[in-house]
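Trainee: Based on the hints, put chain B in the right spot on chain A.
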Amino acid sequence: MALPPSQPVAEGRPVQRDHAAPSRKAQRRQHALVGWLFVLPTVLIFSVFTIFPILLSVPLAFFNISLQLEPTFVGLTHFKRLANDANFWNAMKNSLLYLAVVPPLQVLSITLAVLLNRKLPGTGVFRTMYYIPVVTSMVAVAITWKWLYQDRGLLNGFLASVGAIHPLEPVGFLSDPRVALWAVMAVTMWKGLGYYMVIYLAGLQSVPAELGEAAEIDGANTFQKLWFVTIPLLKPYVLLCSLLSTIAALRVFDEVWVMTRGGPIDSTMVANAYLYKTGFEQLDFGYAAAVGLALGVVVLVASVGVFIFNRRGGLNYY
Amino acid sequence: MAAPPSPQYARRFNPRRFAVMLLLYALLVVFAVVAVGPFLWLLSTSLKSGQDILSYPPKLLPNPLSFESYVDVWRAQNMPRFLLNTTLITFWGVLANLALSATAGYALARIRFPGRDIVFFLIVSTLVLPNTLNIVVNFITLVELNLVNTFTGVVLPNAITVFNVFLLRQAFLTIPRELEDAARMDGANEFVLWWRVMLPLVKPALLTVTILEFVAMWNLYQWPLIVLNDTDKFPLSVAIARLTVGELSLDFGNIAAATVISMIPVILIFLVLQRYFIEGLAGSVKG
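Going down the list, the sequences are from chains A and B.
Residue numbering for the first sequence follows our numbering, beginning at 1 and increasing consecutively.
Residue numbering for the second sequence follows our numbering, beginning at 1 and increasing consecutively.
Chain B on its own, in the form it takes in the complex:
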């Protein structure tokens, strides 16, 4: 497949090889345009001024450049509030997943306790059975627990996923036994052992959970739509989707600006933690 170019090839120009390379890059570029083109068009629309937004045939680039859509939507919609709501939901969601996967994954990997296999089997079995009804049942549960219209109600059913437990269990399993024994010799109790010795060793797995859950919680739509009633509590996803009900044409500059604002944090954190995100997705193969 991807054999490193041998020195002979590198030395002299090979027209066939050059043509193949050209074709490959052309394909890569076409796919890139397909993948990010729609977002660039959204960005361009958000930076256009009033009448340019609806000009037809469409103008590809914003000219003159205008930030009025951003200013407008920031004023007209309660954007700071929505941003804060999304941030809080994401923060608690990520934290809950980290805490629960780090504890449960540890116990399932390294502590022998009666009932462990039953717990493990129970968690695995939910992967096989369809859970098409969870939104209905969980909503009724939230009504009973008096958690409708709260962030707790949004976060709680998303506080842990099977995949994250697996991921951490797998990571804890790879730690050599000797490290554990050494720590015990030094007098560490179970809690200290977990916190000071084990957790630092599974940092990559924890970062994977962080990026996966950040993306998942930031982008959550259906569940907050069901749970939250007050506009003041809406995350960005629900608030922006609500702007689009009916005809887009009225205010699309504003909608585009709000959508771009909602995308920036998640793309930034993805760029920073990209490696762990990829490992996470690829890990689902082994998990």
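Extracted from the complex, chain A is given alone in its bound form:
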């Protein structure tokens, strides 16, 4: 570590007392140097791989970009194409449907959190089991569910055995265009439940016990206590989980790509999968940038929307 000459301190060597108080200015200079040395690697990597893409996301869409040729300015070409691209609008529609269904339903994980928070004997084991889908890769999860969803898979077998369907007319969970998107959404939700549950559990544990006791003295039963005391206090956590799941729903890729690749007949083609397809299968980076910019705007608007919805009305229990 480079040190200014005014301070003769080396690793492990005791300070010489007569030099122990370096001038204020030298000390400040040393702090500046050390501080920047510590943050520099992070700032560098962060600038290149996180800030640079955000800065570039707007201008990139105005260029034609291929790996061989120099980028050329094409003005609004990509946006005009976007406006008339039925595949893009289909992908957007699917993503918005995803947004409308999955984030509101993550609130269900509050149920899990409340159950676990009762701290019955053995809840630790249950909690661990609920986390397993969270730590498992989406690829493994998608493969597992693709297997469950097969025509002759466990789910259809179960439905046939209870008489819900005819054994020879299985539900085409991933092959019927009317069902496939819902089947994929179910997997996203299933994997997310444990994740949001952890956050809600942290929230529940921050609710002071006295509040519940006070309500009890006022004659509230368990459900009233839950509904009128506990859940309102969870509001900040509902906001956080809503934001996280909103952003995640709009950026879904892995489960779609592994289970259906966007099919059948584009019924599960979501915006991020379409972006991947235009960018990395058709290698049309400029157009992919336009798709990404459109998606980015939707993410921003949805996030602000979630914020406002949580601020007033909506989930306000007070």
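Since the hints were made in silico from the structure, they are not lab data.
Please note that the accuracy of each hint is not assured.
[What the hints assert, rightly or not] What follows is a set of in silico ranges between Cβ atoms, one per label pair, in the way DEER data are often shown: (1) P15/B with F228/A: 26 to 32 Å; (2) T174/B with F223/A: 36 to 42 Å; (3) V101/A with V272/B: 32 to 38 Å.
[As the list claims (entries may be wrong)] Chain B is faced by these chain A residues, among others (derived, beta-carbon under 8 Å): (4) L120; (5) I143; (6) W145; (7) K146; (8) W147; (9) L154; (10) F253; (11) D254; (12) A289; (13) G292.
[Said to hold, decoys possible] DSS-like cross-link-like pairs, simulated, lysine-lysine; straight-line CA separation at most 27 Å: (14) K59/B with K191/A; (15) K93/A with K225/A; (16) K80/A with K277/A; (17) K80/A with K191/A; (18) K277/A with K233/B; (19) K277/A with K119/A.
Using N, Cα and C, we set each Cβ at its ideal position, and we do this for glycine too.
Mentor: Relative to chain A, chain B alone:
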């Protein structure tokens, strides 16, 4: 809410309370079946022999028990290679995140230097702005840096997350000033102070970063799919997903076995570091 059972309750049998308990446990079990049932079904399939895999209606348990799918997939696919690739990507990813969050978090928490607030603001601002285009831009950057089809290219954009920097900054902030002063009195320079005094005190936060990043890097799919071209460099996630293209029915025993193999390490490390994983997720509330 979870009031400890008072002695009166414990003493005599209360049918209402018993019914409530029964209901609660029933719910817990139902959710547990929903959460791990699909994986148990995968495990069961991977342990079945040839014709049993496709029997319909499905047979719940493998009978006879057979490990042929594991042997087959280990031979037919380059499983040791894929395991090694995933391990390397995970190792470097975890190490990079530990090193960068421990240094940047420290400086942001405990060193006053000009520009610190700007750095902090810059890092925070990326949380608010959508980065839907990072895969496109980062791929072009990797092309320019000649890092396509390398593990470095896979790890570098994942080398640090805002959350990890926050987590470590928060941990460093809680260390009392006196400890720092005492170390300085003993003649420790900034580097020694950080390495010998500060780092041991934020060990829980470092373990949280370790488990969170282990899970994230082990499970990475889209980015390695984009960056890597050679089958020999594929991590497990990309390699296994590729097996499923088209009809599953051909070889699902093998696919199930490969998937189970890919899940074991991450579940093991989760079981060991579970506490820190939970603290990490819960910490996102404060972070």
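Trainee: Could you tell me which of the numbered hints above are not met by this structure, giving the numbers in increasing order?
Mentor: Violated hints (numbers, rising): 15, 17, 19; every other hint is consistent with the structure.
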